[in-house]
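**Q** So the chains spell out like this:
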Amino acid sequence: MEKSDTLRFAGREFRSRLIVGTGKYPDHRSMQRAHEASGAEIVTVAVRRVNLDRTQESLLDYIDAKKYTLLPNTAGCYTAEEAIKTAILAREVGLSDMVKLEVIGDQRTLFPDNEELLKATKVLVKEGFVVLPYTNDDPVMAKKLEDAGAAAVMPLGAPIGSGLGIRNPYNIKIILEAARVPVIVDAGVGTASDATIAMELGCDGVLMNTGIACAKDPVAMAEAMRHAVIAGRLAYLAGRIAKKLYATASSPLEGMIE
Amino acid sequence: MEKSDTLRFAGREFRSRLIVGTGKYPDHRSMQRAHEASGAEIVTVAVRRVNLDRTQESLLDYIDAKKYTLLPNTAGCYTAEEAIKTAILAREVGLSDMVKLEVIGDQRTLFPDNEELLKATKVLVKEGFVVLPYTNDDPVMAKKLEDAGAAAVMPLGAPIGSGLGIRNPYNIKIILEAARVPVIVDAGVGTASDATIAMELGCDGVLMNTGIACAKDPVAMAEAMRHAVIAGRLAYLAGRIAKKLYATASSPLEGMIE
Amino acid sequence: MEKSDTLRFAGREFRSRLIVGTGKYPDHRSMQRAHEASGAEIVTVAVRRVNLDRTQESLLDYIDAKKYTLLPNTAGCYTAEEAIKTAILAREVGLSDMVKLEVIGDQRTLFPDNEELLKATKVLVKEGFVVLPYTNDDPVMAKKLEDAGAAAVMPLGAPIGSGLGIRNPYNIKIILEAARVPVIVDAGVGTASDATIAMELGCDGVLMNTGIACAKDPVAMAEAMRHAVIAGRLAYLAGRIAKKLYATASSPLEGMIE
Amino acid sequence: MEKSDTLRFAGREFRSRLIVGTGKYPDHRSMQRAHEASGAEIVTVAVRRVNLDRTQESLLDYIDAKKYTLLPNTAGCYTAEEAIKTAILAREVGLSDMVKLEVIGDQRTLFPDNEELLKATKVLVKEGFVVLPYTNDDPVMAKKLEDAGAAAVMPLGAPIGSGLGIRNPYNIKIILEAARVPVIVDAGVGTASDATIAMELGCDGVLMNTGIACAKDPVAMAEAMRHAVIAGRLAYLAGRIAKKLYATASSPLEGMIE
Amino acid sequence: MVNGKKLEVPDGATITALLEELNINPLRVAVQLNLEIIKRERYDTTTLRTGDKLEIITFMAGGSE
Amino acid sequence: MVNGKKLEVPDGATITALLEELNINPLRVAVQLNLEIIKRERYDTTTLRTGDKLEIITFMAGGSE
Amino acid sequence: MVNGKKLEVPDGATITALLEELNINPLRVAVQLNLEIIKRERYDTTTLRTGDKLEIITFMAGGSE
Amino acid sequence: MVNGKKLEVPDGATITALLEELNINPLRVAVQLNLEIIKRERYDTTTLRTGDKLEIITFMAGGSE
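Protein chains in written order, with my numbering: chain A, 1 to 258; chain B, 1 to 258; chain C, 1 to 258; chain D, 1 to 258; chain E, 1 to 65; chain F, 1 to 65; chain G, 1 to 65; chain H, 1 to 65.
Bear in mind the hints are in silico, worked out from the structure with no lab data behind them.
A quick note: this is a predicted structure, and the numbers were derived from the prediction, not measured.
Be a bit skeptical, because a hint or two may be false.
Unchecked claim - DEER-style ranges, computed between Cβ atoms:
#1 F/Asn23 - B/Asp64: 43 to 49 Å
#2 D/Leu52 - C/Lys216: 57 to 63 Å
#3 C/Leu245 - D/Glu36: 53 to 59 Å
#4 C/Pro26 - B/Arg15: 55 to 61 Å
Even for Gly, the Cβ is constructed at its ideal location relative to N, Cα and C.
Using the sequences and the hints given, assemble the complete structure.
**A** This is the structure in structure tokens:
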């Protein structure tokens, strides 16, 4: 079933609905194995100056460009201008024209600055980028980002790195009702059920990093997340039973033994 | 990983931690396909009089006894005596010495009658049965059932058929803290994330029927549940990140572009 | 409104629906002031040997017997026999024929032993006691206690002293649907909203001790609880609005300024 | 205690922390009685053209201007410009220089348009208004509104008229951590406990209309809300007990009867 | 035009006169004439002509929440 | 009486014969005669008389959950 | 033995006397002598002997919750 | 100045030469010279002078989430 049911945006198509990160891993090797276990096809990376006096090897030695689509992010940017500049430099590297657009509004909580985010989205869309903006769960802003040409909207489920899951499924539902582009939950996923719940709401995908990278066993958690996203998607498509205070037995009452 | 990590009780061992039912399916054929999709190895069945003027075929034509372990249940019994009699007849059929012991205390909600349940458990354990009692989420009763020789305890997550999931994870946690036999959540699972959450709590397995059989697409939901149980188990073993109100970025601050 | 809407059982009538305790307070004086602030009319007390080499004054010097109804409890009893003996001695003191019946089944969590509780209830009802049994949120046991003659049933909202509130409002709802005696939530209340929620569910009263006695300011918390119980009761009677994903404005659209 | 503990902003001081509305009531009379029962001192009103062919009496005949502070709102405005114009006309009426600033971004859900809201706030603050902006629970926007000179910030607890309560207490907590002006939850309150929870989080006040006006008995619900807000505030000040999975008895173990 | 409705007003009538005729308490309204707000003290002296667009605003029950 | 229904059974017929006639696979049922469980190996030798109360039990779809 | 403690009590002393000596208000306690409950009206007439096991019970702060 | 660090670069050296010397794979970086982005095809022909401000950007592990 996962075969035909794919994640599509900006003319791309992905079998996996899970997007993973590269930060916070114990080491590049465990990251690589976690990526494999996750089944993800998109990996987000930071854009930084080359470390001149570096002993460490390049991140890209651990991400097979044939297997994974690179999604540069603008983490650490606090203004539209910084984010735009970072995105343009990222594209110059020549490995991706997509950008996970982050414009942080609060260093403490890493909540987005939606005003600046919208500005940057408009500019980068004009520049021909495939823009995936990280935003909060505000339905009005989600619609504005979509209207500005975002290829998908990525509302947070909970604050970055909090592991609190989908704090407000109601807002995500409301965003989904109106969205005409994919909705990908970005941030907040702490454990497998968080991802399952996101997908059961009808989200098109989930992006996570901390939940996997900082788990005691990142590779096992990555595999858990692979199953969790598939489970949630299938459950969404399968159509769950209604909730009731209680129901009646499935056991046929006729034929009871006397 | 699932290879080595198995569900064990009464000397049996199962690769799958999901136990499924046979009631409420549109037809035997869809049940059979759902069982396959679920990956379950244990299937619970009711014990009833043969329908003499039956046109319908036998349930057992649709459950490969080589592939599945049959778990007869005492659904519909309201006293220890009825349940014991039903269990003994079930064993006489010669296909299983296990019993999913149900003694219902309230026809409306199908909550168990724990007093009668405990009585029946004591008798059937003496009779050499492998007893899996369906109980509520009372830690004291769970311990008494374990002390009475139950092979596992099966607290409800929510009322049967309610689809409300794990209503009180705190009680399940408390039961798990003290249990020395497997804890298998029985009843209440409505969608994939419910099963994932049960497993993330540290439960050893999940038994469900309505959530799969009454989904719009039972086969797809069964597959969802297979992934959901694996996801939850892996997440439990992987060790999730702690929850915080918010955290800080994984992005290296050094190297920001000027 | 609170005037006419009273808590009634066993021929007694109380204006307040809040029952408070006497344990864990910093001192008798703060307890006394908290009792006043709470507006409670029933106070539960332990039954113990007189402390012979005591310097401390008697608890009863701090509870005006004209103002408060004393509710002796059987805290610390682990069998029906102990509880019965304690209740009988309590009545001999000559200040109350009511008993908050506690039979603990697990020293760690203080969950009730429902089997023993039911036994003790039957005996004490025959002995003419007004029995208020502390039980868990099992609808079947609640009904059995009622049938055994309990004057009210007191399901726990959450483990004693946990401050977790009403962990499973669904079970409380189910108990309320069938109950013909008052349902008083006993244990688990940690803050005002917990009490309000209990009352909004339709409970007849709330019993709490730790939540008040161990608050930083017990007197302020006691006053908070007084308001919380009234608020919840009034909201229950007033009939709340339905929940929706969203609604529309109350603002008249005609008359908008051009 | 409520005496000294007052709600203060823009040099005003109010004993009640509850702000109520005027819409959706069965009639002006029941509104008037609900206002009384609520104990509120601030009442929000819409700004509209006089109805020329009106038979109905004026709203202001039912709000004692000596007793209540009028808070005109800009409900129904979808741009900063409309909202500003409405606010200025409202002030011209000469009864209040405060404005509950609403700039709606989505007619379906009535979520605010934060961009326009911020623009209007800046203008109206310059014009000398006491601006109380209705926003969502975005901590970054809350801070921007505060920096723009808002006298308080009014994040929604849940969509207007939804009755869903505080959907995301985590965001409200984060807003409170950083706020230097009062935080008043606006919208979403459906029943008493919702208001209590808002206050327990540390909010400075709660604004509600639908929850009271559309209750079966608006006057009883208004009284419930009065108690609920006091309860929540007192509980917040009193300092609740910590939550634990379970705790130990308050009963002295020494002195058990043998 | 008053509040979007055609209304017969004697040419040269003051706002005060109009409010009186409409039996509207001037202390509870704001008035805008051809998009310009008219201060209360000018109600007596401000006269209306045909084609004037007048808005008379007051407080009514309502609000989004 | 078989499973609560009156049934014409030739006097002295064995359980095996009855099951065959009813076309029931003996390996999938349990049999109780006048409240006494009959082991499978005795199906051939156990004969039925008028008035006997026979229960033939099997597994069917169902369960509370 | 009173409440599990050895106590010197003059042989033949009444419960009333003992309570007085211990300065305990008889209206706030229940008394159990060798596992038999003694009604209040018998405090004056019930005398204590060496080896008696006496329990004096009252209400104290406490309860599980 | 390369990535904010003073670096001895022979006057007139090309970007290609510099990357080689720094042992950096040109296919994994973007280069910005005095705030102007240099396309890859110009690395061979673009020479560096003293005082030039050069940024060499690549992908590294990281992201906010």
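**Q** To test your reading of the hints: which numbers does this structure violate?
**A** 1, 3
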